[in-house]
Structures are given as structure tokens and as C-alpha cells.
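Use these hints to put chain R with the ligand onto chain W, whose structure you have.
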Amino acid sequence: MINRNVEKVLPLVQKPARYTGGELNSVVKDKDSVDLRYAFCFPDSYEIGMSHLGMKILYSIANEREDCWCERVFAPWVDMEEQMRKNNIPLFALESGDSIKDFDILGFTLQYELSYTNVLNMLDLAGIPVRASERTSLTPIVFAGGPCACNPEPMADFIDLFVLGEGEEVNNEILDLLKECKKSGASKKEFLVRASRIGGVYVPSLYDVEYNEDFTLKSVTATEGAPEKVTKRIISDLDKVYYPKTFIVPFIDVVHDRVVQEIFRGCIRGCRFCQAGFIYRPIREKQPDTINCQAKILCDVTGYDEISLSSLSTSDYTHLSELLDKMLSWTIDEKINVALPSLRVDNFSDELMEKLKKVRKSGLTFAPEAGTQRLRDAINKNVTEEEVLNTSRMSFEGGWTAVKLYFMLGLPTETFEDVAGIPALAQKVVDEYYKCENRVKGKGVNVNISVSTFVPKPFTPFQWDAQDTMETVIEKQNYLISCVPSKKIGVSYHHVDTSFMEAVFARGDRRLGNVIEQAWKNGCKFDGWDDQFKFETWLEAFRNCSVEPEFYANRKREYDEILPWDHLDFGVRKQFLINESEKARKSETTPHCRIKCAGCGTNKLNGGKCDALSQNMV
Amino acid sequence: MRLVRIWFDKTGEAKYISHLDLMRCFTRAIRRARIPLWYTEGFNPHPYMQFSLPLSLGMQSVCESVDIRIEGEMSDEDMLSALKEVMPMGIDVKKITEPKFDPKYIAYGDFYITFKDVPDKAKMLKILSDVFAADRLIVEKLGKKGRHKVMKEINLKEHIRHSYVKETETDVIVNLILPAGSTTNINPSLFSDKIIEIYGENMAVDILRNRLLLENMKEFK
Ligand code: SF4
Numbered sequence: 001m002i003n004r005n006v007e008k009v010l011p012l013v014q015k016p017a018r019y020t021g022g023e024l025n026s027v028v029k030d031k032d033s034v035d036l037r038y039a040f041c042f043p044d045s046y047e048i049g050m051s052h053l054g055m056k057i058l059y060s061i062a063n064e065r066e067d068c069w070c071e072r073v074f075a076p077w078v079d080m081e082e083q084m085r086k087n088n089i090p091l092f093a094l095e096s097g098d099s100i101k102d103f104d105i106l107g108f109t110l111q112y113e114l115s116y117t118n119v120l121n122m123l124d125l126a127g128i129p130v131r132a133s134e135r136t137s138l139t140p141i142v143f144a145g146g147p148c149a150c151n152p153e154p155m156a157d158f159i160d161l162f163v164l165g166e167g168e169e170v171n172n173e174i175l176d177l178l179k180e181c182k183k184s185g186a187s188k189k190e191f192l193v194r195a196s197r198i199g200g201v202y203v204p205s206l207y208d209v210e211y212n213e214d215f216t217l218k219s220v221t222a223t224e225g226a227p228e229k230v231t232k233r234i235i236s237d238l239d240k241v242y243y244p245k246t247f248i249v250p251f252i253d254v255v256h257d258r259v260v261q262e263i264f265r266g267c268i269r270g271c272r273f274c275q276a277g278f279i280y281r282p283i284r285e286k287q288p289d290t291i292n293c294q295a296k297i298l299c300d301v302t303g304y305d306e307i308s309l310s311s312l313s314t315s316d317y318t319h320l321s322e323l324l325d326k327m328l329s330w331t332i333d334e335k336i337n338v339a340l341p342s343l344r345v346d347n348f349s350d351e352l353m354e355k356l357k358k359v360r361k362s363g364l365t366f367a368p369e370a371g372t373q374r375l376r377d378a379i380n381k382n383v384t385e386e387e388v389l390n391t392s393r394m395s396f397e398g399g400w401t402a403v404k405l406y407f408m409l410g411l412p413t414e415t416f417e418d419v420a421g422i423p424a425l426a427q428k429v430v431d432e433y434y435k436c437e438n439r440v441k442g443k444g445v446n447v448n449i450s451v452s453t454f455v456p457k458p459f460t461p462f463q464w465d466a467q468d469t470m471e472t473v474i475e476k477q478n479y480l481i482s483c484v485p486s487k488k489i490g491v492s493y494h495h496v497d498t499s500f501m502e503a504v505f506a507r508g509d510r511r512l513g514n515v516i517e518q519a520w521k522n523g524c525k526f527d528g529w530d531d532q533f534k535f536e537t538w539l540e541a542f543r544n545c546s547v548e549p550e551f552y553a554n555r556k557r558e559y560d561e562i563l564p565w566d567h568l569d570f571g572v573r574k575q576f577l578i579n580e581s582e583k584a585r586k587s588e589t590t591p592h593c594r595i596k597c598a599g600c601g602t603n604k605l606n607g608g609k610c611d612a613l614s615q616n617m618v
Numbered sequence: 001m002r003l004v005r006i007w008f009d010k011t012g013e014a015k016y017i018s019h020l021d022l023m024r025c026f027t028r029a030i031r032r033a034r035i036p037l038w039y040t041e042g043f044n045p046h047p048y049m050q051f052s053l054p055l056s057l058g059m060q061s062v063c064e065s066v067d068i069r070i071e072g073e074m075s076d077e078d079m080l081s082a083l084k085e086v087m088p089m090g091i092d093v094k095k096i097t098e099p100k101f102d103p104k105y106i107a108y109g110d111f112y113i114t115f116k117d118v119p120d121k122a123k124m125l126k127i128l129s130d131v132f133a134a135d136r137l138i139v140e141k142l143g144k145k146g147r148h149k150v151m152k153e154i155n156l157k158e159h160i161r162h163s164y165v166k167e168t169e170t171d172v173i174v175n176l177i178l179p180a181g182s183t184t185n186i187n188p189s190l191f192s193d194k195i196i197e198i199y200g201e202n203m204a205v206d207i208l209r210n211r212l213l214l215e216n217m218k219e220f221k
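Chain order of the listed sequences is W and R. Under the numbering used here, the final residue of the first sequence carries the number 618; numbering is consecutive throughout. Under the numbering used here, the final residue of the second sequence carries the number 221; numbering is consecutive throughout.
Please keep in mind that the hints were generated in silico from the structure rather than gathered at the bench. Careful: at least some of the hints might be erroneous.
Stated by the list, open to error - Okay, derived cross-link-like pairs now, BS3-like style, lysine-lysine, Cα gap no bigger than 25 Å in a straight line:
(1) Lys121(R) x Lys8(W)
(2) Lys229(W) x Lys604(W)
(3) Lys29(W) x Lys144(R)
(4) Lys15(W) x Lys95(R)
(5) Lys586(W) x Lys487(W)
(6) Lys95(R) x Lys8(W)
(7) Lys335(W) x Lys166(R)
(8) Lys141(R) x Lys15(W)
(9) Lys194(R) x Lys144(R)
(10) Lys95(R) x Lys166(R)
(11) Lys194(R) x Lys8(W)
(12) Lys8(W) x Lys141(R)
(13) Lys86(W) x Lys116(R)
(14) Lys443(W) x Lys404(W)
(15) Lys245(W) x Lys121(R)
(16) Lys8(W) x Lys149(R)
(17) Lys123(R) x Lys166(R)
(18) Lys144(R) x Lys116(R)
(19) Lys15(W) x Lys116(R)
(20) Lys104(R) x Lys94(R)
(21) Lys84(R) x Lys8(W)
(22) Lys15(W) x Lys166(R)
(23) Lys95(R) x Lys221(R)
(24) Lys94(R) x Lys218(R)
(25) Lys296(W) x Lys84(R)
Claimed, not checked - In silico negatives: residues of chain W with every beta carbon more than 10 Å from chain R:
(26) Lys8
(27) Lys29
(28) Ser133
(29) Val249
(30) Phe251
(31) Ile252
(32) Thr302
(33) Lys335
(34) Leu364
(35) Val383
(36) Asn390
(37) Phe416
(38) Tyr493
(39) Pro591
Glycine included, every Cβ here is placed at the ideal spot set by N, Cα and C.
The shape of chain W in the complex, shown without the other chains (with noise of 0.2 Å):
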């Protein structure tokens, strides 16, 4: 619903429909008949924010409570903003067109650490102070959850509380906690405390924070009776947890607009640069029957012709043949697409590549991330030179001809040999194609490396290790393409300066909250946009607020160190980290789960259960 106010300001920007609303299947309630009114913002743009999964699920849960209505709010475009300012539009949610400033809970996905600025953006815009500690009253509460919030320190200034891991139990209980709270008129205090006692609810202003005076942290003390430790949430069994029955459609193209199916969650792989890897596990399977059941239901509902499965690695849910079997009974009649996600390279068998003829060619695309076998191994990226040229060949003789190769610079033990080794594997990839006997005729080869610089996160094996520093991976980057010996090749960069920020951020403080609340006053948001993003603001805020960002991304931590996160338990051990990280150093790999388990500990956060688990016995 656009208020007149709005209206006025729609002709003068870009996308209009971004800012109105209206989309099929969107919730529309009687706002005079629920307790609660909910905001689940999205600090990015509409069509990156509907692209999001998590968003879709978590607003139909809030919206099956009969006493809340949760709408979408995304982060108005440049211009939008710039017209909102100029005539006083306060920041509105889609369903209602009403102002969000007295809705009662505000509810933020970090996805990326670069979003954090528009948090700040969204919330000035909204007419709300930035700082936690200025806003006195119940409500709005402000809380945040995603994958950043397994380090949320940096952030901790701004944000009432941080839910940590899946959301679709615990928010349902804050949102009763809170409509409880907003009955009895408890004060904003009373009810953060209580919510402190909520598993996975993390109350940042309830922890004392001390620094050494080398700026490495002291000491973290729960006070008011909140829990030590924070422990990630998790849905144990996804076969009964609540999946969407619609999705809104979008008008206007959005980054992913179609149905996607969840296929498992966590990863048996345990590559040791990957948070998502680790911060997401135990392995848990959804069954082949609930996924085709809830895609068709979606497919009917949406009018969509294209469903995604999506997971960490869709070739390793031990069902995909079974499923695709299922699925391809009727989405071949209907004409839909299946689309298949995240392959990886190994497991890649003849009967599967018959079955993905008959799904969608999208691009190839393989993630070696390392050059050499050596480094691989030491990342756990256990896939050789040979697999990637057999899935390659396999592919070429499929009718492909473009492939695109996924790596990381700057991964720890790189050496100039592994960095050479990139253009090198591409270059066999080229010559792969023209062994080919039965490839396409009369066609050239494409073969894209894209290079991304590597970013220490927390919850892996590499919490510890610098990142290069700016100049070395340039030097990199360069000595890189000097190795390229075909024209067949194309090499694509990731700027170094973002990547750099995203270090500082992924393992930060709370000392780096100054530090974005005053590159934001500065003018920066949109930081992960390379046409937004003001990097000499951002180094001018940090000198202002004397912090130097290289103590966070270039520094090597020691094992003993308190790291910002050490209070918040994701089920990963610390000593399985530090095992891992030793082997990495030896170049030493870790069979996936499926072969062995490692004994990364997450499976105790779900009684002992671990899918990858029960497949190893029997």
C-alpha cells in the first residue's frame, strides 16, 4: 500500500516497484487486530533482499501467528533515499506503507559484513537512534541474526540482541516474550534480561567487555544472570519444521526469483576456509518425499517455472538421485526447471550427468579454490587435478564449452608456486576441450578464473591467520596474470580493498563500533557495492577513532588468545579448530564426514545426531 507521500516521490526514481508493495502473495492484516508489529529488514537492496531464503521463511512463520503481522523492509536505493530525506519520508514497511518507527520489533539479517552501514542507514532513516543504549523504551527492539552474528561484536552498539543460528523456533519465542513484556509494561531491561534465558539469545549490553593494553581482549563477563556462553540454535528435524507454502512473487527481476527448496543443511566436507562449512553443521537431511511435496505446492502457488535446490554442495545429499527421479515425473510435463546449485566436481557420476541433460545447462562452474594439489590439501579442499579434468571432459562431451573456475589468493602457506598453479590447472582445462572428440564443433572454449582474496572467519580453522596484506595480494594478483598463457583464459578480480574491510569486520570487536557509526555519519552505505563503496571514508573514520584496522585482518592471533566469539558457542570445539589448523600447516587432509567422522562436536547440539553420521553406519 503506497502512502500519498510516497507516491509523490515514485516517478523520480529508478524501479519504482521496488517501494510499493502489492506483490502476489505478500501479507496484508488489519493492523487494529494483531499485538505485534514486525519489521524484517533486509540492509540491502529489494531485489537482493527478496533473493534470500531465510527471509521467506522467517516472515510466513511470523506471519501464521494470528497476533503479528511482519512486513518487508529493504534498503531504499541511493536516490530513493536521497527523495525521502528531502521530503521527510520516514524509512516504511511494503505491506503497509506505514512508517516503521513505532512498530514494535525491528529484526535485521546480517548476511555480509559490508551491510553493516545500511543496519545504521535504515534505522536513521526509520527516525530511530542508531545506538542501543539511546533507545530507552520497550520497544522498538532491535535485534539481528544471519550468519554475522557468529561475531556480532562490531555491531554490539547498535543492536539489542543477536540470535544466534537458524531462527524459525527462537523467534517465535521472543515474539512472545515480547507481546508478554508490552502486556505487563516491563521496561526495555526487564525484557532483554529475560530474553538472555532464551537458548541462542545473545544480549550483548548484558557482557562486560575489558581490553589488554595491546587492545586484545582481557576478559568477557556475563552479568545479570545471562549465560557465559550463548549457544547456536538448530531445527533438529527439518522433515517437521515449518517450510513456506507461498513465496511472494516479485514484479521486477530479483537476483533469484524462483521456487527453492532446502535439501540439508551443514556440509560434510570441512574445507577449512569455509565458515558456512562449519557454522551450519550438523548435517541434517531433509527427505526426497517433504522436498517434492513442498516444491510442487510452491511451483502451483507462484506460477514459477524454475526450482532451485539449494545446500552447501548439492552432490552430497545422499538422496539426490531419488529426488530427481521424483521431481522430473512431473516438472518435465509442467515445464519447469530444476536447477542444481553448488555441484561439486567429484561425485559427479555418469548416471547424474545423464539425469542433469535433462535439467537446466546453466554455466559450469568448479571451485578448486587452490592452484596446486599441495595447497588444496592443505585447505581440505579435497579435490584433485584429475577429478577437475574428468568432470570437465565429461561436461565438454555433455555440449558445454564455458567453464568457470572458482579460487582464493592469499590462503594460508601460499606461495607464488601455488599462485601459478592457477592459470596452470585453466590452461589444462583448455587443452582438455581439445582432446575432446566429441565436443561441440566449431566452437572455442571459455574458460574464467575468478580469484576472490581469502577472509579469516571466525569458527574455522584459519580464526587465527593474517590476511595478506593489501600490497602482497596485489603482487599477486599481478605475478597471476603474467602466468596466463592463453587468450582462452579470462581472469576476474575481487577488489582487494573490500575484501580487506570484510577481515577487519569478520573478526572484530566491540571497538569498531565508533568506527561505523562514524564512516556512516561520513557517508558511507552500500559498502558492498564497488560503485558505492568509499574506502579512503572508511580509513579516515578508523584514524579518527584512532583503531587500526590491520590489528584485525593482517594479524596472526595465538591459539590462547581470547577471540571476540570465544563466548558464543556454535557446537564447533575449539580443539578440533586447532587440530585442523595444525594439519593445514602440514598440508595434512581431513576425510569428509561421510567417510570419518571428525569429531567437530556440532553433532551434540542435536542429542548426537548427525545425518552424515548415521550414513557412515550403516
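Coordinates of chain R with the ligand only, in the frame set by chain W:
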């Protein structure tokens, strides 16, 4: 296989749906309504769907139509009620007919341009009567010259086939018939932008496409 023409209104918030987005929106709605679309043969089958005349972003309309090919048994009444169930807000399917004219014969559009909450209505009315009395109303229009885009000056007065002005308590409404179709197309916002420029103060403008007409001024059906 048969060809049907679906008539609909595009009003309210739906006016912010671009033409491209509208096509996607219809494809999905037709799937939801389980209308048996006819698909082309071949490796990448696609349905046949043609809109009579794209509507500019921001305009409302009560005379939109799209032609689709269907196969199998489904009556027009059943299609209509199924579609009504699944359309998003602001897109109201009104009727389904057999196409009478090919969209390529559309020559004119009949528009209502509403200047909303006009601060000084007398001033506005005076401007309009001056404009309609004069021979020329020069506006700049983005045109093509070969492969390049250039600004061209055109005399709007040469293109206006009919005009009529009325007022309500707060608004001034201008009814215009302008060329619309595959050969010449004059966007009514060229007129409203120019009037606002002469008036010298910004205000909200609503443009509604009321009817599409053939060369002989008969209604497109
Ligand atoms: S508990 Fe064992 S099998 Fe399960 S994820 Fe952890 S290491 Fe893998």
C-alpha cells in the same frame, strides 16, 4: 489451438510495473490459473504471448489487452474466473474475447491527463486555453537517428487529434487523443511535462490510457 485476447485494467500500484515485468507477471499468472498454453515446438519451447501496445511505466490504463494461444478445452468463462483468482493487485482481468483487429492497426490512444491538487486552477486553465489556441507547442523528444539517440524538437499541436479540458474541485483533467502504435507514438507525458514547465511549479500528474483507436477512430477490439 486458438487465439484469445485477454482484456485488463492496470491501475493503482500496478502502474509501476514495467512492460517487461508485466510479461513475466502474466506468464506466471497463466501458469497459476492452469490455462493450457500452447508452446512452440523445438528445443526451447515458449508460449505465444503478445501485448497490444506496451504501456509506459507510471501510466494507468483501462484498455490493455494481451493475446495468447491456447490449446485444449477451456472455456473463456473458466479462463476468466481462473485468471481473476490469481492476478496481483491492480491488474484486473475484465473479459476474454476473440481478437477482432490485429494490434498493428492501432493508430491512436485516448488519454486522460489529471493534474492533481493544482495550486492555482485559474492559472492552469488559462495556460491550457492558450496552448490549445496557439498553432505550435514545441517539445523535445528523444528520437533515433540511425543508430544514435538524439533530442528532436516536435510540434505537439500537429499531433493532437482531439482535446477537452474539465475540472474537479481540486484537479484539472485534460482529455487528449494522440498517435499511438507501431508507426508514430507520442507519449502524453511530453504534454504534461511541458504544461508543468510553463506553469512553473511541480505537481502530481496521473495519466490514464482510456481507449486505443484505429486509423478511422473506431475502437480497437
Ligand atoms: S559431527 Fe562428525 S560427521 Fe557430523 S559434521 Fe561434525 S565431523 Fe562431520
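Status of the hints after comparison with the structure:
Among the hinted pairs, Lys121(R) with Lys8(W) is consistent with the structure: their alpha-carbon atoms are about 19 Å apart, no more than 25 Å. With a CA separation close to 15 Å, the supplied pair Lys229(W) and Lys604(W) stays within the 25 Å bound. A threshold of 25 Å between alpha carbons decides the hint, and for Lys29(W) with Lys144(R) the separation of about 48 Å lies outside it, so the pair is violated. About 30 Å separates the Cα atoms of Lys15(W) and Lys95(R), which puts this hinted pair outside 25 Å; it is violated.
As the CA atoms of Lys586(W) and Lys487(W) are separated by approximately 36 Å, the hinted pair breaks the 25 Å bound. Distance hint between Lys95(R) and Lys8(W) is unfulfilled; the C-alpha atoms sit about 32 Å from each other, more than 25 Å. Proximity of Lys335(W) to Lys166(R) is assessed by CA-CA distance (about 51 Å); at most 25 Å being required, the pair is judged violated. Restraint check for Lys141(R) and Lys15(W): satisfied, since their Cα atoms lie roughly 22 Å apart, inside the 25 Å limit.
Between Lys194(R) and Lys144(R) the alpha-carbon distance is near 21 Å, which keeps this suggested pair within the 25 Å criterion. At roughly 30 Å between alpha-carbon atoms, Lys95(R) and Lys166(R) are farther apart than 25 Å, so this suggested pair is violated. Restraint check for Lys194(R) and Lys8(W): the C-alpha separation of about 18 Å stays at or below 25 Å, so the hint holds. Between Lys8(W) and Lys141(R) the CA atoms are separated by roughly 24 Å; this keeps the pair inside 25 Å, and the hint holds.
For the hint linking Lys86(W) to Lys116(R), the alpha-carbon distance of about 21 Å falls within 25 Å, and the restraint holds. Simply put, Lys443(W) and Lys404(W) have alpha-carbon atoms about 17 Å apart, close enough for the 25 Å limit, and the pair holds. Between Lys245(W) and Lys121(R), the direct Cα distance comes to roughly 52 Å. Violation of the 25 Å bound is thereby established for this hinted pair. With a C-alpha separation of about 29 Å, the suggested pairing of Lys8(W) with Lys149(R) is violated against the 25 Å cut-off.
Only pairs whose Cα atoms come within 25 Å are accepted, and Lys123(R) paired with Lys166(R) is accepted, the gap being roughly 14 Å. Straight-line distance between C-alpha atoms of Lys144(R) and Lys116(R) comes to about 33 Å, which puts the hinted pair past the 25 Å bound. Of the pairs offered as hints, the one joining Lys15(W) and Lys116(R) holds, with about 23 Å between alpha carbons and a cut-off of 25 Å not exceeded. About 22 Å separates the Cα atoms of Lys104(R) and Lys94(R), which keeps this hinted pair within 25 Å; it holds.
For the hint pairing Lys84(R) with Lys8(W), the CA-to-CA distance comes to about 29 Å; that exceeds 25 Å, so the pair is violated. At most 25 Å may separate the alpha-carbon atoms for a hinted pair to count; Lys15(W) and Lys166(R) exceed this at roughly 32 Å. Under the criterion of a C-alpha separation no larger than 25 Å, the hint pairing Lys95(R) with Lys221(R) is consistent with the structure, at around 12 Å. For the suggested pair Lys94(R) and Lys218(R), the alpha carbons sit about 20 Å apart, so the restraint of at most 25 Å is met.
A threshold of 25 Å between alpha carbons decides the hint, and for Lys296(W) with Lys84(R) the separation of about 22 Å falls inside it, so the pair holds. Lys8(W), annotated as away from the interface, has a beta carbon of chain R within 10 Å; the closest lies near 6 Å. With 10 Å as the threshold on Cβ separation, the claim that Lys29(W) sits away from chain R holds: the shortest Cβ distance comes to roughly 15 Å. With a minimum CB-CB distance of about 39 Å to chain R, Ser133(W) clears the 10 Å threshold, and the non-interface call stands.
A beta-carbon of chain R is positioned within 10 Å of the beta-carbon of Val249(W); the least distance is around 6 Å. With 10 Å as the threshold on Cβ separation, the claim that Phe251(W) sits away from chain R is violated: the shortest Cβ distance comes to roughly 5 Å. Non-interface status of Ile252(W) relative to chain R is broken: a Cβ of that chain comes within 10 Å, the nearest being about 5 Å off. Once the 10 Å rule is applied to beta carbons, Thr302(W) is inconsistent with being away from chain R; the minimum gap is 7 Å.
Here Lys335(W) does not stay apart from chain R, with its beta-carbon only about 7 Å from theirs, under the 10 Å limit. Remark: the non-interface label on Leu364(W) is consistent with the geometry, its nearest Cβ contact in chain R lying 19 Å away (cut-off 10 Å). Every beta carbon of chain R lies more than 10 Å from that of Val383(W), the smallest distance being close to 32 Å; the non-interface claim holds. Its beta-carbon lying about 27 Å from the closest one in chain R, Asn390(W) satisfies the requirement of being farther than 10 Å from that chain.
Chain R leaves Phe416(W) outside its interface by the beta-carbon criterion, the shortest separation being 46 Å against a cut-off of 10 Å. Against chain R, the non-interface label of Tyr493(W) holds: every CB pair exceeds 10 Å, the least being about 32 Å. No Cβ of chain R approaches the Cβ of Pro591(W) within 10 Å, the least distance being about 42 Å, so the stated non-interface status holds.
Hint violations for this structure: numbers 3, 4, 5, 6, 7, 10, 15, 16, 18, 21, 22, 26, 29, 30, 31, 32, 33, all remaining hints satisfied.
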